[in-house]
Amino acid sequence: MFRSPWWRIGWRNLGRNRRRTLFTTGGLALGFCAVVVMGGLNRGLIAEMIGNGTGMLDGQLQVHSSGYLPERSLYETIGGRDGTDVERLVEAVTADPVVSASTPRVFAGGLVSSGEATVAAALIGIDPGREPNVSTILSTLDEGRLPRPGANELVVGREMARQLFLSSGDETVLVAPAADGSMGNDLFTVAGIFDTGLAELDRGLALVPIAALQRLIALPESRIHEIAARVEDPWRAPDAAARLAEPIASAEAEAKVSPWTTFRPEMVSYATMAEGVEWMLLVIVFAIAIFGVANTMLMATFERRHEFALLLALGTTPGVIVRSVLAEAAVLSTVSLVVGAVITAPILVWWKLAPPDMSWLYGGTTLAGGLMRPILRVEYPWLMIVEAAVALFLVAVLAALYPAWRSARVPPADTLTGR
Amino acid sequence: MNRRALQLILAVLVFSAVTPLTERGSPLAGQEAALAEQESARDIVDRVDRLMRGESSLGTITMDVVTEHWSRTMEMRIWSLGTDYALIRILSPRKDAGTATLRAGNYIWNYLPRVDRTIKIPTSLMGAAWMGSHFTNDDLVKESRMIEDYDITIAFDGLREGVEVWEFDLAPKPDAAVIWGAINLEVRKDDLMPVWVRYHDERGDLVRTLTFSEYGQMGGRLVPALMEVLPEDKPGERTTVRYSDLEFDIGLEESFFSLRSLRGDPGRR
Numbered sequence: 001m002f003r004s005p006w007w008r009i010g011w012r013n014l015g016r017n018r019r020r021t022l023f024t025t026g027g028l029a030l031g032f033c034a035v036v037v038m039g040g041l042n043r044g045l046i047a048e049m050i051g052n053g054t055g056m057l058d059g060q061l062q063v064h065s066s067g068y069l070p071e072r073s074l075y076e077t078i079g080g081r082d083g084t085d086v087e088r089l090v091e092a093v094t095a096d097p098v099v100s101a102s103t104p105r106v107f108a109g110g111l112v113s114s115g116e117a118t119v120a121a122a123l124i125g126i127d128p129g130r131e132p133n134v135s136t137i138l139s140t141l142d143e144g145r146l147p148r149p150g151a152n153e154l155v156v157g158r159e160m161a162r163q164l165f166l167s168s169g170d171e172t173v174l175v176a177p178a179a180d181g182s183m184g185n186d187l188f189t190v191a192g193i194f195d196t197g198l199a200e201l202d203r204g205l206a207l208v209p210i211a212a213l214q215r216l217i218a219l220p221e222s223r224i225h226e227i228a229a230r231v232e233d234p235w236r237a238p239d240a241a242a243r244l245a246e247p248i249a250s251a252e253a254e255a256k257v258s259p260w261t262t263f264r265p266e267m268v269s270y271a272t273m274a275e276g277v278e279w280m281l282l283v284i285v286f287a288i289a290i291f292g293v294a295n296t297m298l299m300a301t302f303e304r305r306h307e308f309a310l311l312l313a314l315g316t317t318p319g320v321i322v323r324s325v326l327a328e329a330a331v332l333s334t335v336s337l338v339v340g341a342v343i344t345a346p347i348l349v350w351w352k353l354a355p356p357d358m359s360w361l362y363g364g365t366t367l368a369g370g371l372m373r374p375i376l377r378v379e380y381p382w383l384m385i386v387e388a389a390v391a392l393f394l395v396a397v398l399a400a401l402y403p404a405w406r407s408a409r410v411p412p413a414d415t416l417t418g419r
Numbered sequence: 001m002n003r004r005a006l007q008l009i010l011a012v013l014v015f016s017a018v019t020p021l022t023e024r025g026s027p028l029a030g031q032e033a034a035l036a037e038q039e040s041a042r043d044i045v046d047r048v049d050r051l052m053r054g055e056s057s058l059g060t061i062t063m064d065v066v067t068e069h070w071s072r073t074m075e076m077r078i079w080s081l082g083t084d085y086a087l088i089r090i091l092s093p094r095k096d097a098g099t100a101t102l103r104a105g106n107y108i109w110n111y112l113p114r115v116d117r118t119i120k121i122p123t124s125l126m127g128a129a130w131m132g133s134h135f136t137n138d139d140l141v142k143e144s145r146m147i148e149d150y151d152i153t154i155a156f157d158g159l160r161e162g163v164e165v166w167e168f169d170l171a172p173k174p175d176a177a178v179i180w181g182a183i184n185l186e187v188r189k190d191d192l193m194p195v196w197v198r199y200h201d202e203r204g205d206l207v208r209t210l211t212f213s214e215y216g217q218m219g220g221r222l223v224p225a226l227m228e229v230l231p232e233d234k235p236g237e238r239t240t241v242r243y244s245d246l247e248f249d250i251g252l253e254e255s256f257f258s259l260r261s262l263r264g265d266p267g268r269r
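Line by line, the protein sequences are chains A and B.
Under our numbering, the first residue of the first sequence is numbered 1, with each subsequent residue one higher.
Under our numbering, the first residue of the second sequence is numbered 1, with each subsequent residue one higher.
Bear in mind the hints are in silico, worked out from the structure with no lab data behind them.
The beta carbon of each residue, even a glycine, is placed where N, CA and C say it ideally should be.
Be careful, since some hints might not be right.
Subject to a maximum C-alpha distance of 25 Å in a straight line, what follows is the list of computed SDA-like cross-link-like pairs (lysine to any residue) [what the hints assert, rightly or not]:
#, chain 1, residue 1, chain 2, residue 2
1, B, K120, A, E171
2, B, K95, A, D58
3, A, K256, A, E266
4, B, K120, A, A117
5, B, K234, A, R72
6, A, K256, A, D58
7, B, K234, B, R117
So these bits of chain B aren't anywhere near chain A, every CB distance computed over 10 Å [to be verified]:
#, residue
8, E68
9, D84
10, L125
11, A129
12, A176
13, S244
What the simulated footprint calls covered on chain B by chain A, stretch by stretch (three residues with Cβ under 8 Å from a Cβ of chain A suffice, anywhere in the stretch; the number is not a length) [unchecked claim]:
#, segment
14, 115 to 121
15, 201 to 211
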């Protein structure tokens, strides 16, 4: 088929009116470029949201006692009343190939009080050595330092610090209902203050070394509520959770492994919705393109109706005429695709490697519970690139169908006699 | 949490003793009972409701809390004045001894002897459990009165288990800021002693039951010495409060209920 002279004729026809070809090619190439770059930005936005949303505190994988969520009862520790071998469990989770780090946590609700002011807070017991490998919250410390393991120290959010008039080095009282029914209370020193930009964390969260929190709420060191783990590519977390379920369950009769897609379903919904937007973009851009291409082809074939009439008069079948026009459109779309790829690739690569800082225009915002840094991040939209290429090709060929059909129905005698 | 109707808990937990009952047992009792029957339901509840207003008292209670995960017994001393002021100090167990709660008006402070600090309970925590029991901080504070927030009707009038009682239905008035959907209250006719209170949510489901028993003379008055709270959503859990001694009209002033007293030594009056 590609040997047929019609391909060469199609190619040469593009050279007949170079300016027109240039505009059509440019239009299609720019459409392709726009769709792919927008798709890349969209993927970047989704990745940013999921990465920050799960990376700030949750982690991409969590292990709990199966009865822990959603009530978060103090008593529902991994391994039940007897607790678990925390070190061994952390190692077992970290052993998975896609898990880069994991860390144990204890949760409690209580009061943080300083002077006249008291606020209710979620207290999370963390391992100051391991936590920074799993979540990014401790990297947002804008004052002070990490709490020392086992010490009666804590880090609180910026807004809580403001409400309690705290700065690092100050003394606070923590009060929390303990597992033995008593009111756990003790003095803690503020080691540092974090500023995540997420209001609910900055206002209502205090991080305490895990052993100190266990002392406060009368839990032995073997009793923890959660193991949180980091998976660099969040989309690989569900598979990792499925892989880990068996070894974890065999070690801890009642433990359950969940990926972020289960405990942050709103992020999955948002990602699905954002991906749907890509289709709308594709349809809109190429719907506009199809009319542009159809118009050009209609003009081009109208100019050549004498040629088609002669060919028909010499015995060429209408089918061959249709094929020749479609071949021209196919050549046009191929050229557009090459041009499109040539202008898109450097933009995408440059953008990916050096995402522009937009903080001069807007600050950090939150989306579906995830913090968005003020940068324009792109991810390579591989699927979108293929979709856009196919769409571009189809658009050019579809747009040529009507002009081709018209060309094949030129009445030879009337046209050649100028009637 | 619960609003108005918890007046009764307060009444017994914090104050106890029943003013009109001092006259009970006199030859006038029969006449009074007859008179009471003619009163509207609202008037009767009003009388039960205001039993302890304006009285000062000092009592010692034993509070047993049984939950799914632990049970513990606490001994406490309670000073009170009217419905606005109360000071509760834990005597035992040793781990909590000296811990104290001060209620003045709508505010609650806790004193923690271990760290020697006083903490004001924020509004957002008023619904939280008080000292791990099935009472909430709010139960200690709410003091507006049942007759102001509820439409009251007599649901039953007659003999139950050999005792003449009234059962009242309390339905919240349309604009009342209360959390209960309905309250039922049973009161003994002859001495106006409360027998039980049942709290229902908006859907009409029973949420918790408060029962009174062991009526007896204490500090010269008739009081229910035992009170029990049974939360409906946690079967098997309960909090019981039992008075071991109780005095009335001990001459406390408002100034007694200060942060200084809150921190003060347990022996101090």
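query: Are there hints from earlier that the structure breaks, and if so, what are their numbers?
result: When the structure is compared with the hints, numbers 2, 7, 8, 10, 11, 15 turn out to be violated.
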